[in-house]
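S.K.: My request is simple: use the sequences and hints to build the entire structure.
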Amino acid sequence: MKQESTWFFQNKPSILATGVVGGPFEKQSPLAEKFDLCMDTLWMNEASFEKANRLLIDRSIQTALNKLSLHPSDIDALLLGDLINQITPSSMAARSLNIPYLGLFSACATSMQGLSLAAALVDGGFCEKVITGASSHNAAVEKQFRYPTEYGGQKPPTAQWTVTGAGFAVVGQASDEGASIATIDKATIGRVRDPGLKDPFNMGAAMAPAAAEVIERHFLDTGMKPVDYDVIVTGDLAWIGHGIAEDLLKKKGLTFSENQFLDCGKMIYAQLDGVQAGASGPACSAMVIYGHFLSLLQMGSIKRMLAVATGALLSPLTFQQGDSIPCIAHAVALSSPVSTL
Amino acid sequence: MKQTKWVAVLMVFLLSGCAMFEEVGPAELAIDEDKREIITAINQKLKETEELYDTIVIAADDQILVSYKVKHMNRFKMKGIEKKLNKWFEKKYPDEQIDVSSDYKIFLESYNLIQNWTEDKLTKKEAKKKFDKIIKLKNEMT
Amino acid sequence: MKKKTLSQQSYQQLADAHERKRPVLMNCIKAFFVGGLICVIGQAVTVLFITFFPFTEQTAGNPSVSVMVFLSMILTGIGVYDRLGQFAGAGSAVPVTGFGNAVISAAIEHRTEGFVLGVGGNMFKLAGSVIVFGVVSAFFIATIKTLLIQWGIIG
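Protein chains in written order, with our numbering: chain B, 1123 to 1463; chain S, 3 to 144; chain C, 3 to 157.
Worth flagging that the hints you see were computed from the coordinates, not collected in a lab. Hints may contain errors.
Pair by pair, the computed Cβ-Cβ distance ranges are [said to hold, decoys possible]: (1) S/Glu-35 with C/Ser-139: 52 to 60 angstroms; (2) C/Gly-136 with B/Gln-1393: 39 to 47 angstroms; (3) C/Gln-14 with S/Glu-84: 52 to 60 angstroms; (4) S/Lys-79 with B/Ala-1169: 54 to 62 angstroms; (5) C/Lys-147 with B/Met-1214: 52 to 60 angstroms; (6) S/Asp-34 with C/Pro-56: 40 to 48 angstroms; (7) C/Val-98 with S/Thr-42: 43 to 51 angstroms; (8) C/Gln-10 with B/Ser-1423: 35 to 43 angstroms; (9) C/Gly-136 with S/Glu-50: 41 to 49 angstroms; (10) C/Ser-139 with B/Pro-1438: 23 to 31 angstroms; (11) C/Asn-64 with S/Glu-50: 35 to 43 angstroms; (12) C/Phe-34 with B/Ala-1154: 37 to 45 angstroms; (13) S/Trp-8 with C/Gly-130: 44 to 52 angstroms; (14) C/Gln-10 with B/Gly-1375: 16 to 24 angstroms.
For each residue, glycine too, the CB sits at the ideal point set by N, CA and C.
M.R.: Spelled out as structure tokens, the structure:
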């Protein structure tokens, strides 16, 4: 086994296009204008919330393909996942697309798991174009992991709000410089970390060590320092977990300047009413990174970023049986195509 | 606007609550005159019982209905009060059939009966029928 | 319960330092007033039943409970009760309306799985344990009371 666990991509796999779709609540997000589309209702004219989740995937993939005037048959692989029972919404969406499909599950870290795998497939020459992304639907996730939507239980201030939406990216070799939104440089795959927390209403705190571990290892492997990145963004640690992660990294000697260490879960809703500690869900990191940060990279207003999606790998069964919450985080280093000109 | 609505709602509740605690008695009614003496004595006894504050006693030929309201903090001892009264009645009037109730519904119906009676809206027969109905309602709850 | 390792313990301390505490006192105050208001409404319904229908204080209980559950059903259906629940916590969960909400919300949620497997099978998903443990504890309390009366300890 080699010493370094970070993947260095040699052939500049790039993100060619993105498709980001949000739900009705995401319309109020301060980042809403960066999303391609926001649905009007949670039902989205579908018969169930699970079907609505599938619709989010469909719409978002379609948006990404349309931007490149591609057809699903031009795509070599489809890597996606979500939170609902055995990732059925993703599989059902894949059924109609007829693209070779790999279902992924890293809970809310699925977005970066998919992106790193897609980059590896393209970099290794196995695929020319890969679609990858993640989605979640607030009501469907609440139904599976917590209580019915209309149940009047009180959520503690540590609880996080699951994002309704989907974020997808087309990864491939850029034919010319202008065609790329961002170049994928490196990826560090996380190790499962379990700090022993059991409260499913405080997932940020459970996920923080996994994020800290992968960020620390990324810097160790690459020999880079935090100043080499303009932005280091975590997935959905939200207000509580993000603060813990910052403390953990400080202990390891990694400090950040203001506005350098960010969190998608804090950004997507800012301080909207009712979201308690912030946002969560696979769509959270996917939407903010693909929608917001990639446009910054494309414009060149940030040169380099490290995207770290975090996931809590629990199931409704394990936390009811008293198991603690194992967590994971995957980091992907992205750079602006503008800087390479 | 929102606040005034809430205040209005609150007022309705407070007022509706008041109706229950409003003192209307003590009152008594003898549908058959020969029981007049007994019920006056009973009412006097109730008046001396300091846990109670509003009493109605109604008598028909073979039955006497005693209903009363219990002062708020004494409601915890309601069962004990009823027992105490029953014991007293048994000792003093062993031959009479006396029903005791602290239920507001029984009190309300008794009061209505007395009002209708004093306004001459009822014949003796009707009054007795109504009285039997109250007794029936009273026994229904056990 | 599995014992936590040393590093897990020290992490727990770090996490506690960052955790946002539940505003317990404020929650209690809100619960007191909202719960009280729900009970006042319940009492008003009871008084209504006593005044205008042939119910006594004893028998008016059942129809009042039905009305309160019905009201909470309506509020759950139009999506108000969960917001009330977030605001009031135990204040809206403890009265019988909270029980109604638990049943109805589960029924609405699983409507998509059909009537038999969805609504029927999941309706008591949350409220089921209330019924089970209510009946079980009632059984034990009644047994104890019966025994005590039999032995002449209480009257």
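S.K.: Work down the list of hints and note, for each, if the structure agrees.
M.R.: Against the structure, the hints come out as follows:
1. S/Glu-35 with C/Ser-139: 52 to 60 angstroms: 55 angstroms Cβ-Cβ, so the 52 to 60 angstroms window holds.
2. C/Gly-136 with B/Gln-1393: 39 to 47 angstroms: This hint holds: roughly 41 angstroms between Cβ atoms.
3. C/Gln-14 with S/Glu-84: 52 to 60 angstroms: 57 angstroms, holds
4. S/Lys-79 with B/Ala-1169: 54 to 62 angstroms: Roughly 59 angstroms apart at Cβ, these two residues keep to the hinted range, so it holds.
5. C/Lys-147 with B/Met-1214: 52 to 60 angstroms: 56 angstroms, holds
6. S/Asp-34 with C/Pro-56: 40 to 48 angstroms: Distance hint for S/Asp-34, C/Pro-56 is violated at roughly 25 angstroms.
7. C/Val-98 with S/Thr-42: 43 to 51 angstroms: Holds, since C/Val-98 and S/Thr-42 (Cβ atoms, about 45 angstroms apart) stay within the stated range.
8. C/Gln-10 with B/Ser-1423: 35 to 43 angstroms: 41 angstroms, holds
9. C/Gly-136 with S/Glu-50: 41 to 49 angstroms: Taking Cβ atoms as reference, C/Gly-136 and S/Glu-50 lie about 43 angstroms apart, which means the hint holds.
10. C/Ser-139 with B/Pro-1438: 23 to 31 angstroms: 27 angstroms, holds
11. C/Asn-64 with S/Glu-50: 35 to 43 angstroms: For C/Asn-64 and S/Glu-50 the Cβ distance comes to about 37 angstroms; the hint holds.
12. C/Phe-34 with B/Ala-1154: 37 to 45 angstroms: 39 angstroms, holds
13. S/Trp-8 with C/Gly-130: 44 to 52 angstroms: 36 angstroms, violated
14. C/Gln-10 with B/Gly-1375: 16 to 24 angstroms: Holds - the Cβ-Cβ distance for C/Gln-10 and B/Gly-1375, about 23 angstroms, lies within 16 to 24 angstroms.
Figure legend: structure checked against the earlier numbered hints; hints not met, in rising order: 6 and 13.
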